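Trainee: In order, the protein sequence lines correspond to chains A and B. With this note's numbering, letter number 65 in the first sequence gets 65, and the count goes up by one each step, no holes. With this note's numbering, letter number 7 in the second sequence gets 7, and the count goes up by one each step, no holes.
Hint data in this document are derived by calculation from the structure and do not stem from the laboratory. Keep in mind the model is a prediction, meaning the values are calculated, not measured. In this text, a Cβ means the ideal position worked out from N, Cα and C, and glycines have one as well. It cannot be assumed that every hint is accurate.
Said to hold, decoys possible - Computed list of chain B residues with no C-beta within reach of chain A, every gap over 10 angstroms: (1) R43; (2) E61; (3) T113; (4) L114.
Unchecked claim - Computed from the model, here is a short list of chain B residues facing chain A with C-beta under 10 angstroms: (5) A16; (6) V19; (7) S30; (8) Y33; (9) Q44; (10) R63; (11) F64; (12) L84; (13) A87; (14) V112.
What the hints assert, rightly or not - Some chain B residues judged to face chain A by a derived CB distance under 10 angstroms, without partners named: (15) Y25; (16) Y37; (17) A53; (18) Y54; (19) K101.
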Amino acid sequence: DAGVTQSPTHLIKTRGQQVTLRCSPISGHKSVSWYQQVLGQGPQFIFQYYEKEERGRGNFPDRFSARQFPNYSSELNVNALLLGDSALYLCASSKTGIQPQHFGDGTRLSIL
Amino acid sequence: AQTVTQSQPEMSVQEAETVTLSCTYDTSESDYYLFWYKQPPSRQMILVIRQEAYKQQNATENRFSVNFQKAAKSFSLKISDSQLGDAAMYFCAYRAGTASKLTFGTGTRLQVTL
């Protein structure tokens with residue numbers, strides 16, 4: 001079975017632009033979570049979606065938004081990009097959200 | 001708020017030797033889970049081992065075991081018979097019982113030498 005897949009693997013944007021990151025969970029997993037990992041730090045929780053509904057939100061500004069589709073894939077959108085948004089964005093899936101999460105390889109976002 | 005602290009930014013171990021990575025956490029919850037994740041340069045976070053707070057017995061997974069001291073809020077990872085493939089960043093993580101959010105520590109970089 002395929003693991004969690006994220007696209008793109010690497011992205012370069014400039015300040016003020018908008019970006020969309022995509023995640024496909026493991027087959028049968030209905031929960032998707034997003035994390036931001038700044039270089040040298042541990043991942044920080046951004047969002048969790050389960051059955052297409054937002055179930056949790058971390059301490060991130062409203063420039064960050066996400067959604068989950070009927071096939072349980074998810075998109076993370078970030079508007080008005082700042083230099084500080086440069087990070088590895090990780091997606092994790094689990095069957096119900098409270099079971100161990102399986103992570104994808106991440107999307108490396110660089111802001112110039 | 002829950003916090004997870006890893007006080008060892010870097011550790012080094014010789015191949016075939018044993019190493020222990022430290023982690024402490026702070027929570028007022030009684031129902032929670034603790035995890036160790038491994039992140040090699042390939043970036044993927046890989047679950048190494050998990051511990052349910054209500055279980056007194058320490059979790060083990062082959063060469064990996066934990067020392068869970070609930071009263072001290074300590075959760076260390078012991079890697080026995082270290083292998084070159086164990087070299088990676090190791091993150092300790094906490095999750096409250098009914099939540100899905102993982103709270104991570106800052107990580108420990110483990111080097112394995114010949």
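Trainee: Which of the listed hints are not met by the structure?
Mentor: Of the numbered hints given earlier, those the structure breaks are 1, 5, 6, 7, 10, 11, 12, 13, 14, 15, 17, 18, listed in rising order.
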